[in-house]
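Protein chains: 4
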Amino acid sequence: MTAFKTREPRAVVTRDPNFEQKIRLSFQHQGVMHAWGAELVAIAPGYAEIHLPFSDKVKQQHGLFHGGVVATVADSASGFATYTVLEADEECLSAEFKINFLYPARGSKLIARGGVIKVGRTLVIAESTVSIVKDGIETECGLMIHTMARAKHVRTGM
Amino acid sequence: MTAFKTREPRAVVTRDPNFEQKIRLSFQHQGVMHAWGAELVAIAPGYAEIHLPFSDKVKQQHGLFHGGVVATVADSASGFATYTVLEADEECLSAEFKINFLYPARGSKLIARGGVIKVGRTLVIAESTVSIVKDGIETECGLMIHTMARAKHVRTGM
Amino acid sequence: MTAFKTREPRAVVTRDPNFEQKIRLSFQHQGVMHAWGAELVAIAPGYAEIHLPFSDKVKQQHGLFHGGVVATVADSASGFATYTVLEADEECLSAEFKINFLYPARGSKLIARGGVIKVGRTLVIAESTVSIVKDGIETECGLMIHTMARAKHVRTGM
Amino acid sequence: MTAFKTREPRAVVTRDPNFEQKIRLSFQHQGVMHAWGAELVAIAPGYAEIHLPFSDKVKQQHGLFHGGVVATVADSASGFATYTVLEADEECLSAEFKINFLYPARGSKLIARGGVIKVGRTLVIAESTVSIVKDGIETECGLMIHTMARAKHVRTGM
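Chains as they are written, first to last, in my numbering: chain A, 3 to 160; chain B, 3 to 160; chain C, 3 to 160; chain D, 3 to 160.
Take these hints with a grain of salt, some might be off.
Remember, identical chains collapse to one label, so a pair may be satisfied in a single copy or spanning two.
Stated by the list, open to error - Derived pair list, reagent style SDA-like, types lysine to any residue, alpha-carbon separation capped at 25 Å: (1) K59 <-> E140; (2) K24 <-> S57; (3) K136 <-> L27; (4) K120 <-> G109; (5) K59 <-> V15; (6) K120 <-> D137; (7) K59 <-> Q23; (8) K136 <-> H53; (9) K111 <-> Q30.
Simulated from the structure, these hints should not be mistaken for laboratory data.
Model the full assembly from the supplied sequences, consistent with the hints where possible.
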């Protein structure tokens with residue numbers, strides 16, 4: 003009955019001194035986060051944390067958080083974690099992600115924690131873990147691996 | 003400059019004569035679909051099609067559909083396609099999915115088409131393709147593979 | 003009891019008139035394919051097909067083809083399908099892949115068919131379907147989605 | 003320039019007191035591991051570690067370990083990690099896996115470390131990290147998430 007951890011801590015380097023400001027502004031413009039009442043709770047080098055309260059707007063047919071909603075907050079968390087390591091004039095675009103659902107997402111709040119795994123020249127690999135909070139107890143319910151392509155000059159339509 | 007198709011058509015068997023009614027009711031209870039104004043446009047054996055109009059509620063920071071939103075409609079489409087092949091007293095729960103983003107989701111509407119790939123005793127594998135509609139032209143922007151676990155007696159909280 | 007196909011044929015453009023020669027040479031240098039006795043049966047624009055006979059060298063503990071072996075031929079098939087659409091001086095490197103196992107791979111031969119889904123400037127998305135042949139009957143046993151990064155000047159160690 | 007770890011250690015429970023013996027026997031029967039000269043270096047509750055030396059039998063066209071080979075040792079490592087938590091009469095079958103390639107696998111040896119993430123009633127989720135060893139330095143080159151279905155009575159053909 004031992005415990006085992008397969009992932010070692012990773013050092014990250016930030017390139018943009020104003021990353022937090024850029025990310026907070028970007029989060030404000032994610033209409034889907036705003037409509038759901040999501041909150042960017044923490045941002046740090048290689049890390050982002052988003053909380054999402056339960057509501058009718060995020061549920062599926064059995065009253066749980068919809069799996070796609072779990073994926074959406076996970077995507078935003080690993081995406082913003084990635085923003086912390088980009089150059090000031092860079093953005094990132096999702097190439098793909100994969101999420102495993104570990105536990106039914108029934109509860110009052112989702113907590114998505116995104117972290118950077120590998121910063122490459124053209125791609126960044128990040129991950130997110132998502133927990134469901136019920137009666138004050140946090141249980142992991144989702145695990146995402148997320149591949150993003152680095153890009154300059156993304157045309158914005160904010 | 004030839005064309006190539008790697009996927010052959012698949013025959014599916016329906017087990018529940020009332021699958022369409024069950025699915026339409028289930029779709030109505032997906033609060034996230036309702037909040038976004040999504041529409042279940044077609045349901046047929048092994049197939050489901052969902053349309054989602056663009057709005058502030060589904061956008062990310064550059065004015066595109068959020069990648070998680072693309073994943074959410076894809077998840078619902080392949081999920082409901084799977085419902086068409088289940089027994090009358092069965093539900094399905096997402097074990098995992100993976101989505102590739104093929105094209106920026108900038109446009110007026112998403113169309114997600116879900117299809118069943120393999121119906122096993124405990125798992126069902128399905129896929130969804132998602133297209134973005136802009137100026138009346140449809141372009142594929144997402145491809146999802148979706149693994150679901152068959153389950154009886156899912157506790158509902160509708 | 004209808005059939006449904008979610009994937010439309012895709013047109014591909016070849017950039018290297020000598021792609022077949024380049025791919026056949028590359029296949030010869032894949033030591034793992036040679037050691038297993040795999041055969042590159044067909045190569046065409048956007049398409050590659052590899053056959054792998056069963057042997058002790060590819061089996062897992064129950065006498066089936068090892069899942070990793072199924073993934074390896076799928077990876078090679080979608081990889082070589084991608085080679086057909088690259089420039090003459092380009093290579094591609096796997097960024098990631100995901101494979102679903104649809105059926106136990108017990109039989110005399112695997113057939114992997116790779117096809118190109120999307121050719122982007124920096125990434126190519128391809129897929130492979132793998133079938134198991136037993137008593138002359140072919141059954142789909144694997145489905146892979148494969149993301150590759152385009153690259154010039156890969157240092158070779160042939 | 004801080005470091006961040008998103009994964010917490012996980013406690014696992016073993017059900018079969020003879021898991022190590024069962025796994026070592028099973029490893030011996032994985033013909034693909036034997037043919038490549040792979041070695042099961044460690045087995046512990048929720049953990050398995052496999053080493054694979056470089057040879058012509060595992061290389062792709064540029065002299066690196068083939069991506070499918072990286073996936074195969076990762077699959078075996080997370081698979082055997084999962085065996086440690088199963089009942090004595092159980093096996094597991096791969097439903098799907100996804101692997102990201104973080105670094106070119108050029109070197110003298112691969113080290114795959116598998117760990118269990120979630121043990122469910124019908125599914126187990128595990129992961130593997132793979133490192134490449136070159137000039138005595140170990141660099142992470144692969145990250146796999148692996149979904150397995152628990153099964154009794156897998157027909158063996160050893």
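Hint by hint, here is what the structure shows:
For a Cα distance limit of 25 Å, the shortest separation of K59 from E140 inside one copy, 21 Å, qualifies, whereas the shortest one across copies, 28 Å, does not. When the C-alpha separation of K24 and S57 is checked against a cutoff of 25 Å, the pair qualifies only between copies, where the shortest distance is 23 Å, while the shortest distance within a copy is 28 Å. In the homo-oligomer, the alpha carbons of K136 and L27 never lie at most 25 Å apart, since the shortest distance is 30 Å inside one protomer and 27 Å across protomers. When the C-alpha separation of K120 and G109 is checked against a cutoff of 25 Å, the pair qualifies only between copies, where the shortest distance is 19 Å, while the shortest distance within a copy is 32 Å.
Taking the closest pair of Cα atoms, K59 and V15 never come within 25 Å of each other, the shortest separation being 37 Å inside a single copy and 33 Å across copies. In this homomeric assembly, K120 and D137 come within 25 Å of each other (Cα to Cα) only across copies, at 22 Å, whereas the closest approach inside a single copy is 35 Å. For the identical chains of this complex, K59 and Q23 are inter-copy neighbours only, at 23 Å across copies versus 28 Å inside a copy, given an alpha-carbon limit of 25 Å. In this assembly of identical chains, the alpha carbons of K136 and H53 lie at most 25 Å apart only when taken from the same copy (13 Å versus 33 Å across copies).
With identical chains, the CA atoms of K111 and Q30 are at most 25 Å apart both within one copy (20 Å) and between copies (23 Å).
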